[in-house]
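Peer 1: Each chain is listed here by its residues.
There are 2 protein chains.
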Amino acid sequence: MQESTATTPPADASDSYAPTDRTVPTRSPERASYDREFVHSILDAGYLCHLGFVRDGAPIVLPTLYGRVGESLYVHGSTGSRPLRSAGRTEEAPGIEVCLTVTHVDGLVLARSAFHHSLNYRSVVVLGTARPVVDEKERRIALDALVEQVVPGRAADSRPANAKELAATAVLRLDLDEVSAKVRTGGPNDEAEDIGLPYWTGVVPLTQGHGAPIPADDLDPAIALPDYLATR
Amino acid sequence: MQESTATTPPADASDSYAPTDRTVPTRSPERASYDREFVHSILDAGYLCHLGFVRDGAPIVLPTLYGRVGESLYVHGSTGSRPLRSAGRTEEAPGIEVCLTVTHVDGLVLARSAFHHSLNYRSVVVLGTARPVVDEKERRIALDALVEQVVPGRAADSRPANAKELAATAVLRLDLDEVSAKVRTGGPNDEAEDIGLPYWTGVVPLTQGHGAPIPADDLDPAIALPDYLATR
Chain A
645 MQESTATTPP ADASDSYAPT DRTVPTRSPE RASYDREFVH SILDAGYLCH
695 LGFVRDGAPI VLPTLYGRVG ESLYVHGSTG SRPLRSAGRT EEAPGIEVCL
745 TVTHVDGLVL ARSAFHHSLN YRSVVVLGTA RPVVDEKERR IALDALVEQV
795 VPGRAADSRP ANAKELAATA VLRLDLDEVS AKVRTGGPND EAEDIGLPYW
845 TGVVPLTQGH GAPIPADDLD PAIALPDYLA TR
Chain B
645 MQESTATTPP ADASDSYAPT DRTVPTRSPE RASYDREFVH SILDAGYLCH
695 LGFVRDGAPI VLPTLYGRVG ESLYVHGSTG SRPLRSAGRT EEAPGIEVCL
745 TVTHVDGLVL ARSAFHHSLN YRSVVVLGTA RPVVDEKERR IALDALVEQV
795 VPGRAADSRP ANAKELAATA VLRLDLDEVS AKVRTGGPND EAEDIGLPYW
845 TGVVPLTQGH GAPIPADDLD PAIALPDYLA TR
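Protein sequences, first through last, are from chains A and B. The opening residue of the first sequence carries number 645 in our numbering; numbering runs sequentially from there. The opening residue of the second sequence carries number 645 in our numbering; numbering runs sequentially from there.
Calculated directly from the structure, the hints in this document are not laboratory data. In this text, all values refer to a predicted model and were calculated from it rather than measured experimentally. Idealized CB from N, CA, C, for every residue including glycine. One thing to keep in mind: the hints can contain errors.
Interface residues of chain B toward chain A, partial, derived using beta-carbon atoms under 10 Å [claimed, not checked]:
#1 Val713
#2 Glu715
#3 Ala737
#4 Leu820
#5 Tyr843
#6 Ile858
#7 Pro859
#8 Ile867
Far from chain B, some chain A residues (derived; all Cβ distances over 10 Å) [to be verified]:
#9 Glu674
#10 Arg675
#11 Pro738
#12 Cys743
#13 Arg775
#14 Asp779
#15 Glu780
#16 Lys781
#17 Asp801
#18 Glu809
#19 Tyr843
#20 Pro849
#21 Thr851
#22 Asp862
#23 Asp864
All chains, please: the whole structure from these sequences, using the hints.
Peer 2: In structure tokens:
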């Protein structure tokens, strides 16, 4: 997992996603960004998303992995899972309307007033229709991307899916089209009249890391920890 | 932020949420738990949820804070924000149908086959109708809970919301009723025929921590770091 570091959206928005009614926030619009590179950087810093869809009129939100390839995100799952089943399995299938959200929390913002407590964070919301990927070549690209998103270097150092596994796996593609990022950085924004209050105020930066990799019980001891894990 | 440690659901399910059609997973049902204490432990180990709702027929998923008080979760936001506005502001308001999901990722599971790669995780999904909280006493309890969920000890060490701030803040309550947890622990589950493959296999445990708290520029240097931050 990449280190979590706060970033400011680039000022140059020449290569941006077009805002829509749904991606312009009603609150804190100054925190919104549509910059393509900034969106990519947030997506590339993670691998877990929360995928929302509607079932029988009600919202469902499930955590799942994603992989980015250019301007597309891929998610996958068992062909038996409900959202993937409802998306259909052919090129002509209607797909499923989703909201895919990725969030990194960078710090706890402790203001003097409870009201101004906040988080520093970076998030991306992608809206659109996720469609089943039928072409085998694209399916393999997607599955590699899902593994690479979690551990870069791993796709080439594991056994690729065989025909049976491919048949059991549904892959959906969601194109990056209706997309927005939101970011908060910096310290607390206390009211002027609160400055003299006797409370500690500032930011607690959050970090993510990992412990020593734990080999499986049946790992051949002659197999060394690969570089892509040793150097993390 | 609490340390991320993998936990197994308690075997004793005598005090459990009743499963429903919507909370029994179609996939990996052995990972599901309805145990009340286990659900609470997952909720209490975090403070950020992904809240899903339906707007104009489409799913929306936004990251937001939550606080647990007994069998209720509270979320809050500006009275101007779209989901909170659509929930209404009176006791008679219909509320808004939501799915509130909390996920902790505990480890990366690297199998010999790409197919069996996985995550160790704990997640909770809460379904139901979030209703506006009108009673001022309950609103204050909720706002304290939201602060305490992020930094235990902080609510009593900050200025409580004043009347203007309270009026600008909408609070929703979602009761813990239709609830499920899902958990994966342990090592990779490779196919027997893959055991001899020359790939490292095991688990990379993930950790969360924090850096040294960064005082605000205008903090009175005489105000020491509080114990609830110093001992984290």
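Peer 1: Compare the structure with the hints numbered earlier in the document and write down the numbers of the violated ones, lowest to highest.
Peer 2: Of the numbered hints given earlier, those the structure breaks are 1, 2, 3, 4, 12, 17, 18, 19, 20, 21, 22 and 23, listed in rising order.
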